[in-house]
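Trainee: Sequence:
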Amino acid sequence: MNWNTLRDTSIIPKFLHLKRFILDNWNKMQRFFSNFSSKLINNLDVANNDLLDAIQDLENFERSTKTLDRAKSCRYFQLQSLIILLLNSVIAIQFLVLSITDNETIRLYNGDIFVSSSERKVLNYFLHVGEMIPCMVKFFLLHLNQCERKSFLNMFDEYKNSLVQVEEKFILLSTNERSFRITYYILIKLYKHCPIMVCAGFALAHISIAVFNYSSLKSFLFQMVHIAFLGVSYYFISSSGLWFLFIMTLATLFGYYSIDSLSTECNELNSINHYTRTNALSFYYKINLLSNWMDCVNAQVASIFMALYVYLAFHNILFFFYLTQFTFDNLGVKALLIFSNVLISMLLYVTNYLGSIASQKASQLHLAIYRLSIDTGNLFNLKVSLKKLQVLRRIEARKMGSYVGNYIYVDNNFILLLTLECGSLYLLFCANINRNN
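With the first letter of the sequence shown counted as 1, position 120 gets the number 131 in our numbering; the numbers rise by one all the way through.
You may find that some hints are simply not true.
[Said to hold, decoys possible] Okay, the calculated beta carbon distance ranges per label pair:
| no. | residue 1 | residue 2 | range |
| --- | --- | --- | --- |
| 1 | VAL108 | LEU428 | 28 to 38 Å |
| 2 | GLN157 | SER129 | 40 to 50 Å |
| 3 | GLU432 | ASP61 | 16 to 26 Å |
| 4 | SER302 | PHE240 | 39 to 49 Å |
| 5 | LEU232 | SER314 | 17 to 27 Å |
| 6 | LEU232 | LEU427 | 19 to 29 Å |
| 7 | LEU256 | LEU228 | 39 to 49 Å |
| 8 | VAL57 | VAL321 | 32 to 42 Å |
| 9 | LEU201 | LEU93 | 27 to 37 Å |
By construction, these hints were calculated from the structure, which means they are not laboratory data. Note that the coordinates shown come from a computational prediction; the quantities given were computed from them, not determined experimentally. Glycine included, C-beta positions come from ideal geometry on N, C-alpha and C.
From just these sequences and the hints, can you work out the full model?
Mentor: The following block contains the structure:
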């Protein structure tokens, strides 16, 4: 075979063609979703009163599900929340016990719905993980409700108060108030319907599995009692878990829109006609206000963010390891593990993406402040100059954006770090766990 034949049959041209095809379609998808989201926001219109009603419904829903009591109006709210946490913690322990025991009596009285399945231990541990995640969030919310310090949620209360004054825009959303208002409204509507949908799917799946693994009438009755108790308690705990996802998404988008508004205002300050001492001081005041709020967010969610990231990343790799290194008799078990693996991966990487877009905007704002000239328009003021230096030193010392554990900065490089760490953990599993054991 000559060189021309080898060149014709080489896989390199095919690989390059496939790469070009994938990149072209990826760019088309990005343009489609970008245009779709912008058109969706532009075509929607949410009045201030609509959002005020939605926020009021949200606060009522938070109190009814024992998630959060912002107004501190419920006398026994903390006690009720603690009872919900303890009940769900007991359920999580039950699933953990079922994942390690072979005792028939324990399995009967704990309502093991996988009683006749060969992979019942794996499945019960999977349910244990699904119960533990919202329990971790509930514990954080108990602390947040009890904390006497100023909460990062106060910023949203201030925004709510600003909606009453139609003629004035919120101080940090001078150019993006309408976009944030629409986003806030959509997220509230989505969150209110998610807990009941999750619990309905959860209960339906449990009943279907119990019927499919039917072994005896006595065992089936215990399973139905367990499912009824689980469905009620999981509704309250899942509401807390989904609330944390909702509020973190809202906080990230609020930070993104605020930084974008400040970047626009900073660019306007470069104009001689717009630059005044009053405008400059107002601009630096807003930056300090936003920086203080973002530091407050990172400080108050540091522990729960770190705990969730470690817990989710560990179990994501654990599920992936079992999928690749073990075989399962039941195809449904493998499908369930694949679904959980994809769901956790999406949660981790979407969280990273939301944090990175805010951090990217903050970096652009930092550069814009550097370019801002203090003596624009032949105006120099010592107080303004010191304010600028103070802001620059603060951003240089601690970057504005999202943090995991209050010290791991979430930017575009963090996703690479997360992927490498997960890959190292997977190799560690492969090297130390024997599939034959």
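Trainee: Taking the hints in turn, state whether each one holds.
Mentor: Outcome of the hint check:
A hinted range of 28 to 38 Å holds for the C-beta pair VAL108 and LEU428, which are about 36 Å apart. A C-beta distance of roughly 45 Å is found between GLN157 and SER129, which places it inside the suggested range of 40 to 50 Å. The hinted range of 16 to 26 Å is not satisfied by GLU432 and ASP61, whose Cβ atoms lie roughly 44 Å apart. The hinted window of 39 to 49 Å between SER302 and PHE240 holds, with their beta carbons roughly 47 Å apart.
For the pair LEU232 and SER314, the supplied restraint of 17 to 27 Å is violated, since their beta-carbon distance comes to about 41 Å. The hinted range of 19 to 29 Å is not satisfied by LEU232 and LEU427, whose Cβ atoms lie roughly 52 Å apart. At roughly 40 Å, the beta carbons of LEU256 and LEU228 sit within the given window of 39 to 49 Å. The hinted window of 32 to 42 Å between VAL57 and VAL321 holds, with their beta carbons roughly 38 Å apart.
Range check, LEU201 to LEU93: Cβ separation about 28 Å, and the 27 to 37 Å hint holds.
Hint compliance for this structure: hints 3, 5, 6 are not met, and every other hint is.
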